[in-house]
Structures are given as C-alpha cells and as structure tokens.
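So the protein lines, in turn, are chains A and B. For the first sequence, the numbering used here assigns the number 1 to the initial residue and increments by one for each residue that follows. For the second sequence, the numbering used here assigns the number 1 to the initial residue and increments by one for each residue that follows.
If you're looking for bench data, these hints aren't it; they were derived computationally from the structure. Beta carbons: idealized from backbone N, C-alpha and C, even for Gly. There's no promise every hint is true.
Derived CB-CB ranges, DEER-like [as the list claims (entries may be wrong)]:
hint	chain 1	residue 1	chain 2	residue 2	range
1	B	230	A	258	17 to 27 Å
2	A	221	B	345	43 to 53 Å
3	A	227	B	313	54 to 64 Å
4	B	22	A	255	22 to 32 Å
5	A	377	B	17	15 to 25 Å
6	B	117	A	206	28 to 38 Å
7	B	124	A	117	53 to 63 Å
Mimicking DSS-like on lysine-lysine, the simulated pairs with C-alpha atoms at most 30 Å apart in a straight line are [claimed, not checked]:
hint	chain 1	residue 1	chain 2	residue 2
8	B	44	A	44
9	B	285	B	357
10	A	44	A	106
11	A	221	B	21
12	B	326	A	326
13	B	342	A	76
14	B	221	A	342
15	B	207	A	94
16	A	94	B	41
17	A	21	A	44
18	A	21	B	76
19	A	21	B	106
20	B	285	A	221
21	A	106	B	221
22	B	341	A	21
23	A	326	A	44
24	B	152	A	221
25	B	357	A	21
26	B	21	A	261
27	A	21	B	285
28	A	76	B	357
29	A	21	B	221
30	A	94	B	76
31	B	76	A	221
32	A	341	B	21
33	B	94	A	221
Number of protein chains: 2
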Amino acid sequence: MLLVTPGPTELHERVLAAMSKQVISHRGPELQELYTSLVEKFRKLLKTDGSVFVLACSATGGIECAVSNIINRGDKVLTPVFGVFSERFAEAAKFYGAEVTYVNIKPQSAPSPEIIKKVLEEKTYDVALLVYNETSTGTRSKDFKEIVRVCKERDVLVAVDAVSAAGGLPLEVDTWDIDVCVIGSQKCYAGPPGLSILTVSEDAWHKIRSARRPFYFDLIKYMRFYEEHRETPFTPAVNLMYGMDEALNIVLEYGADRWVKRHMDFADIIYEVLEKSNINLFAEKEYRSPTVISISLPNGVTDSEVLEELRVRHGVVAAGGMGSMKGSLIRVANMGNLSVKKTVKVYDAIFDVMFFKVGGIDRQAVGVLEERLRKMGYQ
Amino acid sequence: MLLVTPGPTELHERVLAAMSKQVISHRGPELQELYTSLVEKFRKLLKTDGSVFVLACSATGGIECAVSNIINRGDKVLTPVFGVFSERFAEAAKFYGAEVTYVNIKPQSAPSPEIIKKVLEEKTYDVALLVYNETSTGTRSKDFKEIVRVCKERDVLVAVDAVSAAGGLPLEVDTWDIDVCVIGSQKCYAGPPGLSILTVSEDAWHKIRSARRPFYFDLIKYMRFYEEHRETPFTPAVNLMYGMDEALNIVLEYGADRWVKRHMDFADIIYEVLEKSNINLFAEKEYRSPTVISISLPNGVTDSEVLEELRVRHGVVAAGGMGSMKGSLIRVANMGNLSVKKTVKVYDAIFDVMFFKVGGIDRQAVGVLEERLRKMGYQ
Chain A
1 MLLVTPGPTE LHERVLAAMS KQVISHRGPE LQELYTSLVE KFRKLLKTDG
51 SVFVLACSAT GGIECAVSNI INRGDKVLTP VFGVFSERFA EAAKFYGAEV
101 TYVNIKPQSA PSPEIIKKVL EEKTYDVALL VYNETSTGTR SKDFKEIVRV
151 CKERDVLVAV DAVSAAGGLP LEVDTWDIDV CVIGSQKCYA GPPGLSILTV
201 SEDAWHKIRS ARRPFYFDLI KYMRFYEEHR ETPFTPAVNL MYGMDEALNI
251 VLEYGADRWV KRHMDFADII YEVLEKSNIN LFAEKEYRSP TVISISLPNG
301 VTDSEVLEEL RVRHGVVAAG GMGSMKGSLI RVANMGNLSV KKTVKVYDAI
351 FDVMFFKVGG IDRQAVGVLE ERLRKMGYQ
Chain B
1 MLLVTPGPTE LHERVLAAMS KQVISHRGPE LQELYTSLVE KFRKLLKTDG
51 SVFVLACSAT GGIECAVSNI INRGDKVLTP VFGVFSERFA EAAKFYGAEV
101 TYVNIKPQSA PSPEIIKKVL EEKTYDVALL VYNETSTGTR SKDFKEIVRV
151 CKERDVLVAV DAVSAAGGLP LEVDTWDIDV CVIGSQKCYA GPPGLSILTV
201 SEDAWHKIRS ARRPFYFDLI KYMRFYEEHR ETPFTPAVNL MYGMDEALNI
251 VLEYGADRWV KRHMDFADII YEVLEKSNIN LFAEKEYRSP TVISISLPNG
301 VTDSEVLEEL RVRHGVVAAG GMGSMKGSLI RVANMGNLSV KKTVKVYDAI
351 FDVMFFKVGG IDRQAVGVLE ERLRKMGYQ
C-alpha cells in the first residue's frame with residue numbers, strides 16, 4: 001500500500017527499526033539524552049532558542065495544551081476559520097472560557113495579512129490562534145510571517161497550528177516571533193503518530209504563569225521537569241521518541257531547508273500537471289498548500305468511491321473531505337519521505353481513477369511528472 | 001540493562017518487532033481491525049462487556065480523562081490518599097471543580113473496606129476516586145472488591161486507578177461494578193509506554209453526558225467514533241497499538257488468570273525471601289503490593305546511591321521513592337514478562353548492594369529464591 005493520507009505518512013525503514021529498541025527507564029540518563037536530542041533537533045528545525053516540549057499525545061492534544069495554557073477566562077481571542085482544524089482551535093479556546101471572534105474565510109482560500117489587519121483594527125485582542133496550513137482543505141495562509149507580525153505589533157499573543165506546515169513550508173519560530181507553535185510528529189517530518197511538539201516564547205511564559213492550567217497539559221510542570229532533569233513530568237512514549245529522533249536525523253542529514261524546498265518543488269510540479277490535465281483543484285491558486293493537495297469532485301461522484309478505487313485497484317491510500325467538505329473532495333499528502341517513484345505511482349493512479357470516474361481529463365498530462373521532477377534533480 | 005522500574009517494563013521481542021510495522025491510515029479498515037482487536041482483548045482481560053477506549057497519552061492523561069468526564073463542578077468526591085498517585089487523583093478532581101474529601105491513610109498501608117465504609121456513613125458523595133495499587137509506595141488496597149461494593153451500594157460512582165494493578169492483581173470490572181477503570185499500557189501487561197486504556201460503565205455514561213468535557217479527552221467523541229467507525233476521534237499512536245496488541249497476545253496465550261497468578265506467586269516468594277533476610281520492607285504485611293516491591297532504606301543511605309550501585313555494578317535499573325518518600329526507599333517492579341532468571345539476577349544484585357550499603361542482612365537468604373520459584377513450576 002502507498003500511504004498518502006495527510007498524516008500519518010509512511011515511515012522510513014530506519015524509523016521503523018528505531019522504534020523496536022528496548023524501552024528504558026523514563027527517570028534515567030538514557031531518556032535524558034534522548035529527550036535532549038529531540039529538543040535540540042526540533043530547535044534547529046523550527047529555528048528557535050526557546051523552550052521545546054515533546055508531549056505524549058496527538059496534535060489535538062498539543063492544540064489543547066497551547067490553548068489551555070495561554071488562555072484565561074474572558075480573554076479576547078481572534079481565530080480565522082477556514083476549515084476543520086481552524087474551527088477546532090476556536091472551539092478549544094471557547095472551552096477554556098475565551099471570548100472568541102471567528103473570522104470566517106471561505107474554505108478555498110486562507111487568511112491573508114490584509115484580512116487580519118482589518119480585523120485587528122476593529123477591536124483589541126489578547127490572543128490570536130492561527131492555522132498556518134489547513135490540513136482539512138489543502139489551503140495555506142498567505143504571507144504567514146506578515147500575519148504574525150501584524151498581530152504581534154498590536155501585542156496580541158500568537159499561537160500557531162503548524163501541524164501540517166512544519167517541514168513542508170518555511171517556518172522560523174523566533175524571527176517570525178511566534179509565541180506558541182504546535183506541530184505533530186506524523187506529518188512532514190515523517191515521524192510516527194502519537195507525539196505533539198510545542199515551542200514556547202518568553203512572552204508566552206508570562207501568560208502561562210497566570211493561567212489556570214489543566215493537569216496532563218500543564219506546561220509549567222513540563223518546564224520544571226525539563227529544567228531540573230531533562231525529563232518529562234509523565235511517562236513519555238519512549239519508542240515513539242526513538243522513532244521521531246531517527247526521523248529528524250534523516251531530515252537533518254538531507255538538510256532542513258532543502259527538506260522544505262523539496263516539498264515545495266514537488267508541489268509546484270504536481271499542481272502544474274494537475275492544472276494541465278483539467279483536474280479540478282479545490283484551493284484557489286494563491287492559497288494552495290504544498291503539503292496537502294485537494295482535488296474537487298463533481299456532483300454525483302463521492303470521495304469514498306474514488307478512494308475505494310484508488311485503494312483496491314492501485315493500492316493508494318489517500319483521504320477524503322472533512323467537515324462541510326465531506327464527500328466532495330479527495331486529499332493527497334505531499335509530505336515526508338518524498339520520492340519521484342512514489343509520486344509518479346500515486347498520480348498515475350489518481351489520473352486513472354479520475355479519468356474513468358470523472359471524465360473530461362487529459363490523462364496524458366501526468367506523463368511529464370517524472371521528467372519534470374527528475375529535471376529538478378530529484379530522485 | 002535489566003529494567004525493573006515500576007513501569008515502563010521491559011518489552012518482549014515480539015512486541016518490539018510489532019512496533020516496527022509500517023504505519024497505516026487511521027481512517028481505514030486496517031486501523032479499524034487493529035482497534036477492534038485491542039478493545040476485544042482488553043474486554044477479556046479486564047472482564048467487561050462495557051465500553052473500552054485506547055487513548056494516545058500516558059496514564060496521567062487517562063486519569064484526567066476519567067476525572068474530567070465524570071465530575072461536575074461542585075460534586076462531592078471521596079479520595080483515600082496514601083501516596084503520590086492517589087493524591088494526583090484528588091488534585092485532578094479539584095481542578096475540575098470537585099469538592100474533594102481527602103481520607104488520609106498512612107503510606108505504609110492502604111484503604112480497607114472498614115475505613116471507606118466509615119467515611120461514607122458520615123456524608124454523602126457523588127464520586128469515589130480509588131487507587132487500587134499505589135505505584136509510589138508499593139501498597140495495595142485491602143479487599144478492593146468490597147471497597148467498590150460499599151461505595152456502589154450508596155450510589156457513589158466509582159473511578160479506579162488500576163494502572164499498576166491490572167494484570168498483576170485480580171480485577172473484574174463488571175462483576176465488581178467499577179464505573180471507570182483506568183490503566184496504562186506499560187505496566188503488568190508489558191506494552192510500550194504511551195497509551196492509556198479506559199473502561200466505562202452504563203452508570204458512568206449517564207454522568208458523562210451531563211459533564212462539561214474537555215477537548216482531547218472528550219469520551220463522548222471517543223464513543224461516537226468507535227460506534228460509527230471503530231476509530232478514534234484523533235490520530236492514534238498506531239505503532240504503540242501494534243505493540244500493545246502483540247503484548248496482549250502474549251498475555252492471552254499464557255492465560256489471563258494465570259498471568260495474574262504468576263505475578264502474585266512471584267511476589268509471595270520474593271517477600272518471603274526479603275523477610276527472611278532482614279531487609280526492611282516499606283509496606284505493612286497485609287497491604288503489600290504484588291507488583292511494586294518497596295524496600296526501606298535506613299537513615300544515612302539514600303535511594304540514589306543504592307540505585308547508582310545497582311545500575312553501575314549490576315546493570316539493574318530500579319526506581320526510588322516519590323513525594324514524601326523521596327530518597328528513603330527503592331522500588332522494584334514485579335511486572336510484565338516475569339522470569340525466574342531475571343528475578344534471581346535482580347535480587348542477587350539487590351542483596352549484594354544492600355549487604356554492603358546497609359548491612360545487618362542475611363545475604364544467603366536470596367539463595368532459595370530460584371529453588372522456590374522453580375518448585376512452583378516457573379521458568
């Protein structure tokens with residue numbers, strides 16, 4: 001099977017092997033070394049000298065951790081909503097007592113600095129919850145760095161869901177001035193699912209100290225255990241940490257920036273080919289995500305039948321729509337251990353199924369995919 | 001290294017191998033099959049026909065899940081406190097707005113039906129939070145089944161921390177009438193760390209539906225996804241589930257009841273040998289845990305020096321005291337894949353270190369350990 005769901009992504013055999021190492025005490029030097037190694041590698045990749053924590057939970061847990069630690073009851077929170085995961089961000093904030101302003105953005109697009117600036121001029125906010133890349137629709141915010149800047153210049157604390165962005169889109173936590181950045185293990189860095197990683201800035205710490213924090217996600221506890229012992233307060237998922245550490249070794253051997261560029265180059269070519277073929281892309285051109293490619297289906301064709309054909313006839317496992325887009329689109333990951341061979345196989349399959357199911361498609365257009373990728377030096 | 005911390009426990013090579021299988025989509029038939037398999041096996045082991053959920057978090061997350069789902073602000077909650085983990089239970093309840101009555105029990109002992117009955121006669125309670133076996137001190141509740149019964153006959157909802165009990169002590173969720181039972185993956189069932197498992201009774205569901213549930217731990221969401229698709233609402237830790245499933249295969253091949261009996265038999269012999277040697281046991285005889293064996297250290301000898309000797313000279317990794325017992329005791333797990341060979345090695349090492357560090361110990365007493373275990377038919 002070729003797994004191209006937008007997380008989890010297929011794991012490298014080195015990562016799989018790393019996970020089968022024997023468990024160690026979570027209160028001893030081996031764990032301290034492993035945890036420190038992970039923290040240092042994530043600092044390098046996310047470009048931060050600030051705090052980094054690795055939590056034993058999926059990214060939704062990381063999102064809840066971020067929100068519950070930085071939000072006090074009654075805080076005014078700005079959330080641009082353009083898909084399932086930005087809505088989740090807003091919902092979590094509401095649960096922790098925030099007064100949330102939803103900025104509704106049509107799902108084919110994404111936030112831009114102009115929109116956010118306009119909203120910020122109308123009212124003051126304590127916190128902005130920003131999704132960089134919407135996994136549910138395959139759109140990404142436009143000029144995200146500038147979006148963060150316009151928030152921060154108004155003293156709005158910025159928490160970012162970079163779950164499907166980190167590793168596949170440019171991201172510089174410190175120079176962009178992001179206060180809390182949440183990522184998942186199983187997306188563009190191609191680690192095993194089950195970990196969430198958070199960065200925390202100095203500005204965020206001031207807020208965190210005053211918040212009424214929950215139990216499992218109490219960042220002050222994580223900070224204390226890290227400072228005192230380089231440990232986690234609660235039993236960590238040791239084998240997932242082994243796997244994640246090896247996944248990050250692979251990324252760093254390739255080069256952190258090159259890893260991101262590969263994602264963007266692959267996406268450029270894929271989009272070019274899809275456009276030429278008349279396949280209907282869901283996202284508007286300037287908002288298209290390089291990590292999640294979403295293809296619209298015409299009325300009368302459901303995602304489940306397309307996905308079933310892909311799976312049964314071609315061994316390709318992609319994903320369908322979510323939320324209000326349920327049924328009407330398929331989502332294909334361009335994440336993690338990308339290769340020309342796999343990408344060609346996946347799109348050959350997609351073209352085949354779309355040709356018979358949807359029609360009106362130039363089936364030959366996919367033929368140039370391999371050549372175009374190889375010409376850019378990819379294997 | 002021989003790992004005998006009271007969780008994580010050493011993993012069987014079959015479990016290690018299982019974790020290195022390739023990741024699958026968390027929205028497809030393979031995951032549904034894996035999840036169903038885990039749920040069915042846990043139902044068998046925990047003896048319940050009720051709901052079972054597997055969460056991607058450590059047991060502390062499972063505890064917070066239990067507490068936040070069944071407790072409403074203002075609920076009257078009874079918590080016998082006799083160590084770090086029973087205190088954690090009470091703290092979590094307070095965070096979610098409960099009015100908590102702490103029943104302080106000295107840490108060398110544990111709750112008994114008599115104590116709980118007396119407390120229940122003084123006041124009415126909505127919920128009782130009961131730790132079956134205190135991992136932090138190595139004591140276990142006396143006649144736990146009866147403790148649950150006296151709560152339930154007064155219509156008190158019962159949530160149980162069975163993290164270090166399940167698999168090593170008798171436990172029958174349905175016939176004992178436990179409403180929510182929380183366990184961790186990495187204790188007596190010898191799965192990888194990073195999962196928490198919860199059972200939920202019908203009585204508990206009534207309460208859960210009215211509670212204001214948090215986000216990542218919302219059991220109604222878990223229930224809905226399980227009922228509709230045999231899936232989890234958030235990305236599961238797939239590789240840990242592979243490992244856990246194989247760990248449970250090993251338990252079930254050996255026999256669920258036999259697995260528990262092995263823990264109790266090993267503990268009986270270990271305690272007998274320790275007593276004969278004049279090693280100072282922390283727990284009072286009738287409260288001694290079969291899964292966590294805690295040894296008191298005399299004034300002037302700290303746990304860290306004993307643990308260091310065990311680690312460096314013998315390759316044995318045990319644990320120290322926690323909370324108010326920090327420094328003054330060592331804790332040795334009798335959990336998971338028990339073998340005569342490993343147990344003999346561990347106690348040979350402990351006797352050696354205790355003989356030189358503490359003195360006054362009959363060092364020869366350990367000599368009978370192997371013979372006694374073999375005579376009972378163990379290998």
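Against the structure, the hints:
| no. | hint | in the structure |
| --- | --- | --- |
| 1 | B:230 - A:258: 17 to 27 Å | violated, 40 Å |
| 2 | A:221 - B:345: 43 to 53 Å | violated, 35 Å |
| 3 | A:227 - B:313: 54 to 64 Å | violated, 30 Å |
| 4 | B:22 - A:255: 22 to 32 Å | holds, 25 Å |
| 5 | A:377 - B:17: 15 to 25 Å | violated, 37 Å |
| 6 | B:117 - A:206: 28 to 38 Å | violated, 49 Å |
| 7 | B:124 - A:117: 53 to 63 Å | holds, 57 Å |
| 8 | B:44 - A:44 | violated, 46 Å |
| 9 | B:285 - B:357 | holds, 24 Å |
| 10 | A:44 - A:106 | violated, 34 Å |
| 11 | A:221 - B:21 | violated, 33 Å |
| 12 | B:326 - A:326 | violated, 53 Å |
| 13 | B:342 - A:76 | violated, 58 Å |
| 14 | B:221 - A:342 | violated, 35 Å |
| 15 | B:207 - A:94 | holds, 22 Å |
| 16 | A:94 - B:41 | violated, 37 Å |
| 17 | A:21 - A:44 | holds, 25 Å |
| 18 | A:21 - B:76 | violated, 45 Å |
| 19 | A:21 - B:106 | violated, 39 Å |
| 20 | B:285 - A:221 | violated, 35 Å |
| 21 | A:106 - B:221 | holds, 26 Å |
| 22 | B:341 - A:21 | holds, 22 Å |
| 23 | A:326 - A:44 | violated, 37 Å |
| 24 | B:152 - A:221 | violated, 35 Å |
| 25 | B:357 - A:21 | violated, 33 Å |
| 26 | B:21 - A:261 | holds, 29 Å |
| 27 | A:21 - B:285 | violated, 38 Å |
| 28 | A:76 - B:357 | violated, 60 Å |
| 29 | A:21 - B:221 | violated, 33 Å |
| 30 | A:94 - B:76 | holds, 26 Å |
| 31 | B:76 - A:221 | holds, 27 Å |
| 32 | A:341 - B:21 | holds, 22 Å |
| 33 | B:94 - A:221 | holds, 17 Å |
Hint compliance for this structure: hints 1, 2, 3, 5, 6, 8, 10, 11, 12, 13, 14, 16, 18, 19, 20, 23, 24, 25, 27, 28 and 29 are not met, and every other hint is.
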